[in-house]
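Heads up, the sequence shown is in the numbering used here, so the first residue is 1 and it goes up one at a time.
Derived by calculation from the structure, the hints in this document are not laboratory data.
Nothing here was measured: the structure is a model prediction, and the numbers come from that model.
Some hints could be false.
Derived BS3-like pairs: lysine-lysine, alpha-carbon spacing no greater than 30 angstroms straight-line [claimed, not checked]:
(1) 616 to 605
(2) 605 to 546
(3) 409 to 442
(4) 604 to 87
(5) 110 to 409
(6) 442 to 497
(7) 604 to 440
(8) 410 to 465
(9) 616 to 601
(10) 497 to 616
(11) 110 to 410
(12) 601 to 497
(13) 87 to 497
(14) 604 to 616
(15) 87 to 601
(16) 440 to 409
(17) 604 to 497
(18) 546 to 604
Now the in silico label distances, taken between C-beta atoms and shown as ranges [claimed, not checked]:
(19) 86 to 473: 37 to 43 angstroms
(20) 466 to 507: 19 to 25 angstroms
(21) 76 to 591: 27 to 33 angstroms
(22) 76 to 565: 58 to 64 angstroms
(23) 76 to 494: 31 to 37 angstroms
(24) 334 to 302: 21 to 27 angstroms
(25) 492 to 269: 33 to 39 angstroms
(26) 418 to 503: 23 to 29 angstroms
(27) 280 to 513: 44 to 50 angstroms
(28) 447 to 567: 33 to 39 angstroms
(29) 251 to 600: 25 to 31 angstroms
(30) 30 to 494: 36 to 42 angstroms
(31) 269 to 494: 29 to 35 angstroms
(32) 389 to 69: 55 to 61 angstroms
The beta carbon of each residue, even a glycine, is placed where N, CA and C say it ideally should be.
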Amino acid sequence: MNFFEHQARARRQSLLLIVLFLLAGALLVCAVTIVIAYSYLYFTASFTHQATGALKQLGAGFFISVALTTLTIIIGASLWKLSLLSKGGHVVAEMLGGERVDPGSHDPAKLRLTNVVEEMAIASGTPVPAIYLIEAEGINAFAAGFSPGQAVIGVTRGCMELLSRDELQGVIAHEFSHILNGDMRLNMRLIGVLHGILVIGLLGQALMRGTFKRSRYRYRYLDSDPARRRSTGGTVQTILLGLALRILGSVGLFLGRLIKAALSRQREFLADASAVQFTRNADGMVNALRKIRVHDRAARIIAPNTEQVSHLFFGEAVSSGFTDLLSTHPPIAVRIKRIRPRFAIDRDPAPRTGVETLENAGLIPRFSGFEIAGMAPASTLVEGSSNLTPDLVVAAVGTPQPEHLEQAKKAHEAIPNDLIELAHQSYGARGLLIALLLDKNKALRASQLRVVSDGASDRFVNLVKECATQSDTLPTELRLPLLGMTLPAVAMLEEAKINQHLQLMRNVVTACQPMILAQYVVFAIARTQLTNERGRPRHVYHRRLKPLSVDVAVVVGLLARVGHTDEATARLAFTVAMAEAGVTTSELPPIEMATVSALEKSLKKLGGLALMPRMKLVSALATAVLYDQDVRIGELELLRAICEILDCPLPPLQASV
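The task is simple: from the sequences and hints, build the whole structure.
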């Protein structure tokens, strides 16, 4: 299955989730209605001394009213939770008490974690996700968000410190598999949907707690007469009602766990297999699972709201009780056997301490000095020949291979240490973002620097020039990875500062007329990742490409012009690409139409495409780039950047020599 087929499968499982939710909700509504009916009869008999008879005396209107009210509460709670989660994956991390990891931290374990996540992001073509640290001793991790461009990665301290680099890489690769396979979006929806089922028990608990508090207060301070204490009205009845709802809440919890188990287990096997295929290192994954198996806390997490998000984790975060029926994850031994069928599971290693693990990973030398893994001196990436076709490009979307990870490691090592340090600091990262927008042409660059000078301090202008001096020497294939490294540090700033910097970036891009596509995509990626657009789930507004023919023409036309210097060849590439998209249009749009506002508008519309038309669009974009078979790395990086904006992560591609 390719990326789009995995996403479609996840969408189908979302429909299954809705069906299961409706069945569980219907069962819960019936149970609550019966409990409320009996409670009403008991209250009436107690307070008015009237015989109630049977339930049928209440009439159909009563049952319909109670059922509709209960259903409204369940659906309302689910919608409220989904609305809260729509702000982004960081909401889940904060629910667990997680703290965001500063990319510029000098803590060896955090730096190693940051490097591993960055390498995975470069290899898979996704934006570098924000990283959150959960203060828990268990070995666990999770991915949260609604799309690859909105994901966050969370790891426990046990995971960060007890695993070797290879083991940590296997765990992070597992989480990236969930991101790319569409599991993460389904998991987020599962949290919201199941909250509606659990809310009945929460209401019962609140009712009992409130009644007990009022009863104690009345007993101690208001009623000195024992007779009045005995006639406290509906205290006992209210407590019993709360207890009944609490019991029903336990039933809801059981149903919720059952639904999570039904949807989660098989996807864990798939993520394990994808991670092993991605890293080509089964030992890393197997050893991580073995350490969880023998660790005192295993993968357990004692934190608020862990139960709600237990299905997101790498391992079983909460105990499922007396049976594996409710486990959201397969048993560790079974997962190991799936990866290594002949493996002797009983030969488990004792988990090493964090310092020992970091030493063995090469992060902390045993004697003297200090060097961070992944920050070796710059090296040259080898550019090999390629026989790319549009079909191969589509197949590569969201399906990184071991060679992509190896290429990502080389890219990470090839970026100079000074640039990486700047990228991991919020101030330096802002300077780098502007530097990546500067044109090679001296006159255009001078115009852009005047814009920067008008909107920033002299100190910042000097920083931009310093960054540009270093970034100008970078090979084209390293600019997109460097861009990805800068954004997490900038994202930690206040919203007002982020918006101010994005406006400055926009002004720098518009200083060049006509617009230069390579500069615009840097700005577009930064804007998407740094604004509220990152947190919001991508909605489907268009299921066909034809109604968006003008917008398709704008983007395809720009790529056709970038890859082909003469107008005639560009026009031919455009025509073939539009035919690949199944969209007919008259002419290649004139270059004057390629304004920042026009491209923003077109990409925003195209971002609302359903999966299958989006796949056709990627094929059309690839056709425009590959038309003359003379493909340069700059063209492929532009294609990858546009695919990233469209949430179609494309791994690094090799150009023809």
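*Broken hints, numbered, in rising order?*
As far as the earlier hints go, 3, 10, 21, 28, 29, 30, 31 are violated by this structure, in ascending order.
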